[in-house]
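Here is what each chain is made of, one letter per residue.
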Amino acid sequence: MERFPSNPNLPSPQRGNLSNLSRFVQESRPTWPWLGTVFALILLFFVIPDFIASMRPEKQGLIYYQFTQIALLSIAAAGVWLTFYIGRINIGQGALCLVGAYVSAIVQVKLDVSYWLTIPLAGIFCVLVGIVIGWPILRLRGVYFAMITLILTEVAKLVVLNFPIVTNGARGITNIPLPEAVTLFGFTILPEFTADNNRMYFYFLSMFVMVLTFIALFRLVHSRIGRLCKSLQQNEELASSLGVNLVLLRLIPFCISCFMGGVAGALAAGVQHNVGPSIFTVQDSVNYMLYCFMGGLGNLFGPLVGTVILRMGWNYLTAAGDYQLLFYAIALIILMLIIPNGVMSLSPVRIYQRVVGWLGNRRPTLNTVPHNRKS
Amino acid sequence: MEQVVVNGLFSGAQYSLIALGLTLIFGLMNVLNFAHGQMYVLGGLVTYTIVTFGFGFIPPDAFTIFGIDFIFPIALICAGMVLAILGALFEKLLFRTVIRRSKRDESTMLLAAATAFLLDASLLLIFGEKLHSVPDLVDGIISTDLEPVFPAIPFSDSFNLPYYKLLLGVIAFVMILLFVAGMRFTRPGRAMRALAQDRMAAQLMGVNVGRYTMIGFAVGAMLAGMTGGLLLAASGGIQATEGGAKSILAFEMIMLGGAGVTGGAIAGGFILGMMQSVGHSFLGNFTDLVIFAALVVFLSIRPQGLMGKPWG
Amino acid sequence: METILEVNEVSRKFGGLVAVNGVSFTVKKGEILSVIGPNGAGKSTLFKLISSFMPTSSGNVTFRKERISGLAPHIVARKGVVRTFQETTIFRNMTVRETVIVAHHLRSRANLVGYYFGTHLARKDEREFGESADEILAFLNLTAMAHEQASNLPHGHLRALGIAMGLATNPVILLLDEPFAGMNHEETMRAVEMVRSLRDNRGLTVLLVEHDMPAVMKISDRIVVLNFGQKIAEGTPQEIQQNPAVIEAYLGTADESIGI
Ligand SMILES: Nc1ncnc2c1ncn2[C@@H]1O[C@H](COP(=O)(O)OP(=O)(O)OP(=O)(O)O)[C@@H](O)[C@H]1O
Ligand SMILES: [Mg+2]
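These protein sequence lines are chains A, B and C, in that order. According to my numbering, the first sequence is numbered sequentially starting from 1. According to my numbering, the second sequence is numbered sequentially starting from 376. According to my numbering, the third sequence is numbered sequentially starting from 688.
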């Protein structure tokens, strides 16, 4: 390492309270991801299934299915979030999901490959697609990138419709088998999915993949790659002046995002037992973006939170029948007006101050509280 | 071949009008109006409603004067007005608030998507999925009528251009010209161009930013709506669900021409119209795929489109 | 001293405007060379051409006898030719320390996969980057605001942050575009000392564009003067101060005095 000459006329560095505090937070970071993971695992694999088991049996399948969908959608949305991390708004994730779903379905049905293999296979295929498409279009920025990715979803559908020899065209592929058991040295490591239990098993599978996805993403964001991505998001020219290979560093997150899209698609193909050209549409692509924005683009768990809120809201709105999309749109617009920066942008402290301040306006005696509590 | 060229010019003119509205909104506010296709559909369906049912107690055939039916132009203007009001409301009530309050420019994209959902849902609820169409404006087909007049021009047998299409094409051309002239020679037009070029400078020069942004949004929406009316009469009809696809077409055009530039929108519209027309006669179903591939290749060479500013 | 950078007949046109017109000069190792000229003379453009942020219309730049024009900017940076920006260009949502750590990119020995899985080498890199960043920040008097968001820094400190980023890349030649703009006299003199001590202690070669004439005269070994894209003079500060063409260019175009 190079040594720097000490600067002659400098006051000795002083550290204020604040920097001590932020240092402490930075250094104590490594413990909470583990706690969070354990907590999430307990919640997803014990608490929620336990809760569902207490419901009426005929309802259980549906609830599992809805949770499974949330998991799948949040995996895809996480990819969209990652592309935002390099400063690109990706409205093409639906295309990758569609590709992933079709790869999984075609490889299973036409080549008779095990479902379990098709999941990574779909991901890898989508990475290849990502390289071919991403390499030219990642040069575009801002709305240009957003527009071209939006078109991508429509194009994916056209590809499916125009090559019926492989994809069965508009009829889709409807005879996807349920995943079979996998045994190793006589131990069953993956159980057989049957008509009775597949909803539950798919729930566990998707949740497992989702947890993996977010752990991998967490690791990525907090590694040096994450910092480089963030630098790209904020100023590409400056980053390249520091020797960052822009082409490569744009392509890596984009390909990871494509991988997530592909995996989510493959999982969806399994969950639904069939695929068609409209299982993922432009509206889905737009929705992934909405999940990210609603959750908050500044936080890694934004896409998860956004998906949970919006998708659950959507599910509840099924009660509205024909008016579902209308109410959903109105709710979105209202949310957008209230929290334009996403749920994760809300800080509990700020809300507390707001509420107290608001109460304070009516009852002046409380007015001093927020100021004293500040920072 | 004449047929292909004429079809291309015809849809090119309509497409340019759609793209002009989108590019105006983008240039002024940096908002990518996802709902543009839906606005177009709404315009078409408003036109349809008025042409078919008139205005409540006034039946549509009340507008026939000296044997000429004026209901269509009236309906078209009404559609333009409805959309202009809607656009102004969207801007004032929604976009302005979000732009002011949000940390990122991109948040408006989300709002635009939400308004697209809103319009989609409302249109579907009101009009259902069925195809809505209006009768032809005037009768007659050009090829058979012109052959005796211009025997020198070898019209092929397959060539056909009905008079009503010609009329609508002319209206579209006139509207493009009016728009360009308006942007160039009127006060609001010049103010909007100044705004699109440099918001800060325009503000310093005393342009009322809020007002002209709203006017711009209204004009953009109005163009979309009137084009909807035109295409309703020109094509077989309009469906409440086709908004998204039209938005995507419009995006292709403004990417091709360059976002935020009037000339780019017109060029993009005509090029896309021509490519589709040529493509459908040679490539059939693969046209849109080929166009997309060509667009990607083109944009990787020229990211800002034909006439756009880099990263407009 | 060996010649390290050679600018050969470099030109750049923007439409009809020739921003840089057939400029040639050489830079020796360990030298501080200033490029001066009135506003719009083409200085920043010249820097962009040297660092390959912009392709030349004609001519070329060689670094250690190797042609660098036409290469991607990050490759040129990797070879050791690093520029800072004229505008206060920063990563807005990063802290000062984080920014400088990111800027150590070129010193990484582990690859990206290694960083992802946190291999031994990667962790060693991270530790050393942290230490080195702290040293650089201390050297540039930025330690007190290490954990401040970059976008909250006052103007003068932003310039220092720009230099800090440049230093973090461990450059051979550092191209500084108006590093002293927005600093008061005292700050400028301290920064001049700093740049000189970098050269003296680390053998860094510095190329800088600056309008602050007293600082330029104090800091430079040699000066190149541009006007309307053309080189009109080259020499030591004394020679430049007495050069009639230079005086003419400055008096003729701007009210800026050359600080004699
Ligand atoms: N990207 C560009 N496109 C068109 N013209 C440009 C571009 N960059 C610079 N120019 C023009 O080239 C000329 C030289 O610009 P440059 O920024 O190099 O000047 P400069 O010497 O750095 O001026 P200053 O002292 O104000 O920084 C100017 O007339 C400028 O308008
Ligand atoms: Mg300059």
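Calculated from the structure, these hints are not laboratory results. From a predicted model like this one, the values you see are computed outputs, not experimental measurements. Just so you know, not all the hints are guaranteed correct.
Cβ pair distances, simulated, as ranges [said to hold, decoys possible]:
(1) B:Leu658 to A:Ala181: 43 to 51 Å
(2) A:Leu35 to B:Ile676: 47 to 55 Å
(3) B:Arg565 to C:Glu818: 54 to 62 Å
(4) B:Phe548 to C:Glu753: 56 to 64 Å
(5) C:Lys715 to B:Asp480: 45 to 53 Å
(6) A:Gly169 to B:Arg476: 42 to 50 Å
(7) B:Pro448 to A:Gly169: 40 to 48 Å
(8) A:Gln324 to C:Ala759: 47 to 55 Å
(9) A:Asn175 to B:Val555: 55 to 63 Å
Below, a list of computed lysine-lysine pairs in the DSSO-like style, where the Cα atoms sit at most 27 Å apart [as the list claims (entries may be wrong)]:
(10) A:Lys230 to C:Lys811
(11) A:Lys157 to B:Lys505
(12) C:Lys716 to A:Lys230
(13) A:Lys230 to B:Lys467
(14) C:Lys752 to C:Lys811
Even glycine gets a Cβ: it sits at the ideal position worked out from N, Cα and C.
Checked hints:
1. B:Leu658 to A:Ala181: 43 to 51 Å: Since the Cβ atoms of leucine 658 of chain B and alanine 181 of chain A sit about 47 Å apart, the hinted range of 43 to 51 Å holds.
2. A:Leu35 to B:Ile676: 47 to 55 Å: With a Cβ separation near 50 Å, leucine 35 of chain A and isoleucine 676 of chain B satisfy 47 to 55 Å, so the hint holds.
3. B:Arg565 to C:Glu818: 54 to 62 Å: This hint holds: roughly 59 Å between Cβ atoms.
4. B:Phe548 to C:Glu753: 56 to 64 Å: The hint (56 to 64 Å, Cβ to Cβ) holds, given that phenylalanine 548 of chain B and glutamate 753 of chain C are roughly 58 Å apart.
5. C:Lys715 to B:Asp480: 45 to 53 Å: holds (47 Å)
6. A:Gly169 to B:Arg476: 42 to 50 Å: Roughly 46 Å apart at Cβ, these two residues keep to the hinted range, so it holds.
7. B:Pro448 to A:Gly169: 40 to 48 Å: Holds: the Cβ-Cβ distance is about 43 Å, inside 40 to 48 Å.
8. A:Gln324 to C:Ala759: 47 to 55 Å: Between glutamine 324 of chain A and alanine 759 of chain C, where Cβ atoms are some 50 Å apart, the hint holds.
9. A:Asn175 to B:Val555: 55 to 63 Å: 56 Å Cβ-Cβ, so the 55 to 63 Å window holds.
10. A:Lys230 to C:Lys811: Cα-Cα ~22 Å, so holds.
11. A:Lys157 to B:Lys505: holds (23 Å)
12. C:Lys716 to A:Lys230: violated (35 Å)
13. A:Lys230 to B:Lys467: The given pair, whose Cα atoms are some 34 Å apart, is violated under the 27 Å limit.
14. C:Lys752 to C:Lys811: violated (34 Å)
Of the numbered hints stated above, those contradicted by the structure are hints 12, 13, 14, listed in ascending order.
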